[in-house]
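Reading the sequence shown from the start, the letters are residues 1 to 130 in full-length UniProt numbering.
Don't read these hints as lab results, they were simulated from the structure.
Owing to the predicted nature of the structure, the values given are computational and were not obtained by experimental measurement.
Wrong hints could be hidden among the right ones.
Stated by the list, open to error - Each computed DSS-like pair below joins lysine-lysine, with the alpha-carbon atoms no more than 27 angstroms apart:
#, residue 1, residue 2
1, K110, K26
2, K74, K26
3, K30, K74
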Amino acid sequence: MPESMSEYLSQDMHCEGLLECIHGLKELDKEVFRALSVAEEPLTVDEIAEEVERERSTAYRSVQRLLSSGFIQKEQVNYDQGGYYHVYHPTDPDQIADDMQRVLNDWYAKMGQLISEFREQYRDSTPVEQ
């Protein structure tokens, strides 16, 4: 991860980088998201673990991060004789993109506010060169 915003902007960026940049997701999370995106049907945690070649507990933690960030959805499948299990599928890409745009807009507004505060705080304390 870059040390500064300037370094981040100078990197060769890909759309999956938004997952890391905006939501702090890890490489494994991106792999899980890709696996769910190419799957023809929703997957269980066991199936996800197999797809990304990780232990079930590791895949489960990644699924939880993706759920909490809104990138994937969970559905309950009920057995006829009782009981259930969960399957996961990606959230609609337009919804994800809209959410990321909102986060970016909020960040931009906050940075603008902080820049204004910086300007006000240091405007009168710095000698003006002529």
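Which earlier hints can't be squared with this structure?
-> none
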